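Student: So the chains spell out like this:
Protein chains: 2
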Amino acid sequence: MELIPKETILSWDRFYRGNFINSLSGYKSVSLIATVDKKGNPNLAIFSNLVHLGADPALIAFVNRPREAAPHTLQNIEATGLYTINHIHPDMVLRAHQTSAKYSTDVNEFEAAALKPEYVEGFSVPFVKESRCSYAMKLIEVIPIKHNNTFLVIGELQQVRLDTTIIRSDGFLQLDKIETVASLGIDAYYKPQPLARYSYAKPGTIATNLDEFTV
Amino acid sequence: MELIPKETILSWDRFYRGNFINSLSGYKSVSLIATVDKKGNPNLAIFSNLVHLGADPALIAFVNRPREAAPHTLQNIEATGLYTINHIHPDMVLRAHQTSAKYSTDVNEFEAAALKPEYVEGFSVPFVKESRCSYAMKLIEVIPIKHNNTFLVIGELQQVRLDTTIIRSDGFLQLDKIETVASLGIDAYYKPQPLARYSYAKPGTIATNLDEFTV
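Sequence order for the protein chains is A and B. Quick note, in our numbering, the first sequence goes up one by one and the last residue is 215. Quick note, in our numbering, the second sequence goes up one by one and the last residue is 1215.
The set of hints was computed from the structure by calculation and includes no laboratory data. Given the structure is predicted, the values throughout are model-derived calculations rather than measurements. Hints are supplied without guarantee of correctness; some may be wrong.
[What the hints assert, rightly or not] Simulated coverage check for chain B against chain A, where a stretch passes if three residues somewhere in it have a Cβ under 8 Å from a Cβ of chain A: (1) 1005-1013; (2) 1025-1036; (3) 1040-1052; (4) 1089-1096; (5) 1143-1149; (6) 1152-1166; (7) 1189-1198.
Positions of the beta carbon are idealized from the N, C-alpha and C atoms, including for glycine.
Take the sequences, apply the hints, and build the full model.
Tutor: Here it is, written out as structure tokens:
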């Protein structure tokens, strides 16, 4: 084990440091966020910094980079209050990565990345048809992070679109069955394999591995 | 594909709904957060909602549940301004899970979970000795999330303690080499396997899989 002090990290060039810091916090739940502008024109972009805030109410948040770096998704969400978040599986991961390219406002990233929108009744923003697990969100709050001009975008769950065979008897979603990928750093994608599912931990007893947790 | 409306999700019992919503947002970078109180007594707890905020300055945040549900870590961080975040690998995942038990304030979770503290010069909070990748943080801001009484705890990177053989030539940390685990939902742990690492995406060209990305 080696110790790397802050001064060393600050001395690195920005690309090397960016790769290092981005991977340090670990695996991320990378997903495609779809939005539409006021005229209904769709936008699609890949986001990796999603975070579960709570189940009751069902709140999920994501980090949006500074406006000048990533303007379209946030602008559309502020305009309409709605968006969808779509899991990615290996067959679509290269196309999902392609949405990180800096397309101009008039480009429909669904078309540019060869992914299909899927509209459902009563919700103006499409899901990504290829995705095997998607959810529709309503904006609750945009919290500006003043230290680096990023934003925490908090939404409330509206509906879920998924292959229901992955729902276990206790509500757990066994995402490996639909091959949902995770990301690491800026550009790496991983396929998680099940390791263990443990019982509720209590002082003085050792949790046990729940049965039936198999690939 | 099935659509599950919000009304159905709200009708579920809270344990089923909790498992469902917690897994919906995807894989999480579960880690052990170590703190000390003002007297130097250590505390250790598992957290799964970590998020990368930016590389310059190097900011990483985590979600702390409401104070009544998870008081000790946040209280210690507010008292000392310092904490460490420690990756988990398969040999220590059951012990790490055990730190989620509700121990009273006077219990040292390092001892309760059979994990060892490792102190380094100039930093009052220990790392987890068993961890193969850890980082020391300084508190920057605690942002209350008013909608469910959780908190976004933002810290700035101070130093990193890791097995440097996982650092790739461009700064990327190949975490599968040290078997860092990811979590899913409330109680599941996964081992991610490398899938692809893609070049920077640009409009009009297709990204390529970077070479050398192997297990």
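Student: Compare the structure with each hint and give your call.
Tutor: Outcome of the hint check:
1. Interface restraint, the segment 1005-1013 of chain B with chain A: holds (4 residues with C-beta to C-beta distance below 8 Å; minimum three).
2. Check on the segment 1025-1036 of chain B: 7 of its residues sit with their Cβ under 8 Å from a Cβ of chain A, so the three-residue criterion for coverage holds.
3. Evaluation of the coverage hint for the segment 1040-1052 of chain B: fulfilled, as 5 residues show C-beta separations to chain A shorter than 8 Å, against a requirement of three.
4. Residues of the segment 1089-1096 of chain B with a Cβ under 8 Å from some Cβ of chain A number 3, which satisfies the need for three, so the listed coverage holds.
5. With a cut-off of 8 Å between beta carbons, the segment 1143-1149 of chain B has 4 residues touching chain A; three or more are needed, and the interface restraint holds.
6. Requiring three or more residues with a Cβ within less than 8 Å of a Cβ of chain A, the coverage given for the segment 1152-1166 of chain B holds, as 10 such residues are present.
7. Note: the segment 1189-1198 of chain B has 10 residues with beta-carbon separation from chain A under 8 Å; the three-residue rule is met and the coverage holds.
The structure agrees with every numbered hint stated previously.
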